Amino acid sequence: MQPGDEDLVALARKGDHKAFEELVERHKQKAYRIAFDFARDREEAKDLSQEAFLRAYTHLGNFDGRSGFYTWFYRILVNVCLDYKRRKKRTFAEEFNEAVESQMEPSQVSQKPPSPDQQVLAGQLSRKVGAALEALPPKQRTAFILKNNQGLSIKEIAEMMQTAEGTVKVHLHRAVTALRQSLAEFA
Amino acid sequence: MAQDDKMAAVACTQWEEDLVLHYYGELAVNERAAVDDHVRGCEPCRFYLKELESILPLTVKPDEPPQTFWDDYSREMRRKLTQVSDKKSWWQNLASFFQPWAIPVSATAAVAILALTLALGKGFWSSKDVPQDDEVFMEILPAAENLEFFKTMDVLDAMDFLEDMGSPGKGSA
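Chain order of the listed sequences is A and B. According to the numbering used here, the first sequence is numbered sequentially starting from 1. According to the numbering used here, the second sequence is numbered sequentially starting from 1.
Quick caveat, the hints were computed from the structure, so don't treat them as lab data. Don't take each hint at face value.
Unchecked claim - So the derived list for chain A, only partly shown, Cβ under 8 Å to chain B, looks like this:
#, residue
1, 11
2, 14
3, 25
4, 40
5, 59
6, 63
7, 66
8, 154
9, 179
All values derive from a computational prediction rather than experimental measurement. Cβ coordinates follow ideal geometry from the N, Cα and C atoms, glycine included.
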């Protein structure tokens, strides 16, 4: 029988590196995906999710087991992503190049290479979505990404954000309203 | 084709939040039924819901890294964890070096704090027994007034004595 996350945490606390490496293996894809939703960039998402794992490792002593390791770790991850977003100021040119490049990757859109018109539209959409998400206040962005992109329940998001479910609903509604207004032209 | 002047649909204000939750499947059965009933008879809300269905999926940027990416990820992570562990053990070694000193140092600190507290506390408590300047003055003032009275009486006595000396019947007394 496989040990649970909490068992692995207990082992890691005693200095068992392998136990923590196992936790990384279990959660790396999900962690990366959340980081990618915030950063919208592969390398940055990798760095952010790894940074979150390292912070979790060095602060394992603070994990009191009241919530699951999953919830505790993803709270750290979201904070790392929000801190990063606050620090980072990206230029329009960087985002434009990145959006166009990423849309040119064949695995991302369809098997057929997109037409120049489609590429332009996709690049425009990606930029617009990125900017609209960036413009959201951190709590709205977090609630939106965790619900819309990760499919977490309102209850899970509330636990992760350490707030009431009603508050998460309000954040989500406001985020959706703002995004609708920004992206109405693509409807 | 995108139209720049296209406006977002306007739903009934009191239903908007429920429409968002309906889209995400976060409503209870009865709430969902109520929203469905409303949407059937309300065109703006129906349009709003359709708009959510077309816009919100666009916000998810697809990304499926290849297996090599995950292999690199794990390798890098192991390396970083080893670095952090080494740093951690350095601190742990330092902490263990100071471990035997922990009790004597704590005890000395506790004694020092106690002594300081007593010294300062003594000054504080004794200062409460000392009367204020005003109070001292009020106590001294009547005594001083009495002194003046007695001095005046002495002068009067002396004058009586002189008068007695000066009078003819008593001069030789």
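Q. Does residue 25 of chain A pass the interface check with chain B, least Cβ-Cβ distance below 8 Å?
A. holds (7 Å)
**Q.** Closest C-beta approach of residue 63 of chain A to chain B relative to 8 Å, hint status
**A.** violated (16 Å)
Q) Against chain B, with CB atoms and a cut of 8 Å, does the hint on residue 179 of chain A hold up? A) holds (6 Å)
Q. At a threshold of 8 Å, is the proposed contact between residue 11 of chain A and chain B supported by beta-carbon distances?
A. violated (14 Å)
(Q) Hint residue 14 of chain A vs chain B: min CB-CB distance below 8 Å? (A) violated (12 Å)
(Q) Quick check on the hint: residue 40 of chain A CB to chain B CB, less than 8 Å? (A) holds (5 Å)
Q) Once the shortest beta carbon distance from residue 154 of chain A to chain B is found, is it less than 8 Å? A) holds (5 Å)
Q: Let me know if the C-beta of residue 66 of chain A comes in closer than 8 Å to any C-beta of chain B, holds or violated.
A: Violated. Min distance 24 Å.
Q: Grab the minimum C-beta distance from residue 59 of chain A to chain B and call the hint holds if it beats 8 Å, violated otherwise.
A: With a closest approach of 11 Å, the residue 59 of chain A hint is violated.
Of the hints listed earlier, those the structure fails to meet are numbers 1, 2, 5, 6, 7, in rising order.
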